[in-house]
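If you're matching positions, the sequence shown starts at 496 in our numbering and goes up one per residue.
These are calculated hints, taken from the structure and not from any lab test.
Computed from a predicted model, the values in this text were never measured in an experiment.
Using N, Cα and C, we set each Cβ at its ideal position, and we do this for glycine too.
Hints are supplied without guarantee of correctness; some may be wrong.
Unchecked claim - Simulated restraints, written as ranges between beta carbons of each label pair:
1. Thr604 x Pro669: 52 to 58 Å
2. Ile682 x Ala596: 33 to 39 Å
3. Leu594 x Pro625: 20 to 26 Å
4. Val535 x Ala596: 54 to 60 Å
5. Ile682 x Pro627: 44 to 50 Å
6. Gly654 x Pro627: 23 to 29 Å
7. Tyr550 x Arg608: 43 to 49 Å
8. Leu594 x Leu554: 38 to 44 Å
9. Ser674 x Pro625: 18 to 24 Å
10. Ser674 x Gly544: 47 to 53 Å
11. Leu609 x Val673: 24 to 30 Å
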Amino acid sequence: MKKLIMTVVAFVSMTSLARAQARRGGGGEDELDAMIGGRVGVDNSPGGGLVGTEYAHRLSQQTWFDLQLDMTFGGTRDCFVDRAGFVDCGMYGGQSLDLIAGVKWKFQTRNERLVPFAKVGGGLAFLFFPGPDNDGIAPVVRGGGGVKYFVLPTLGVGGEMSATLGPGFYGCGPNCTVSDLFFAFNILASVEFDF
Numbered sequence: 496m497k498k499l500i501m502t503v504v505a506f507v508s509m510t511s512l513a514r515a516q517a518r519r520g521g522g523g524e525d526e527l528d529a530m531i532g533g534r535v536g537v538d539n540s541p542g543g544g545l546v547g548t549e550y551a552h553r554l555s556q557q558t559w560f561d562l563q564l565d566m567t568f569g570g571t572r573d574c575f576v577d578r579a580g581f582v583d584c585g586m587y588g589g590q591s592l593d594l595i596a597g598v599k600w601k602f603q604t605r606n607e608r609l610v611p612f613a614k615v616g617g618g619l620a621f622l623f624f625p626g627p628d629n630d631g632i633a634p635v636v637r638g639g640g641g642v643k644y645f646v647l648p649t650l651g652v653g654g655e656m657s658a659t660l661g662p663g664f665y666g667c668g669p670n671c672t673v674s675d676l677f678f679a680f681n682i683l684a685s686v687e688f689d690f
């Protein structure tokens, strides 16, 4: 019985402190997101299921330094070599690992639980296709936005959309490299924890 009472007291204390902190301007100085969704690859870009994580640190009331790590897992059974020598796996093929750093802006609304945001960043996308010597790398920029609804002062759920693009450098066999546009759309659902 003592454990139950202590647990209830601790929970009530934490939620009270979190609400007081939310009234002062946010849930905390840092946030951690877990994301799941999909990517549509355009023009020789990997696509498929997408999982990711995001860490952000508050710089000001609305501005956050943002780090993202995304992994795309597409199918590989419909791949073929096109006339230019690329391995084309369609819009939902290939794999990628994206490392992005940038800035996120969170906007205030009349409803303090509803938080729209926009973000922009740059980084590298590591591209993996089936077969030997077909992998690539792309320096990319990403822009997007979305909305979160905070069910608790420090726990939000929501979604976002973004576009990623840049020049892609792809292998086309031994001692062969070609460049082409890397371009993809991401659609994600996410859970955010502020601390």
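In ascending order, which of the hints set out earlier in this document are inconsistent with the structure? 2, 4, 5, 6, 7, 8, 10, 11
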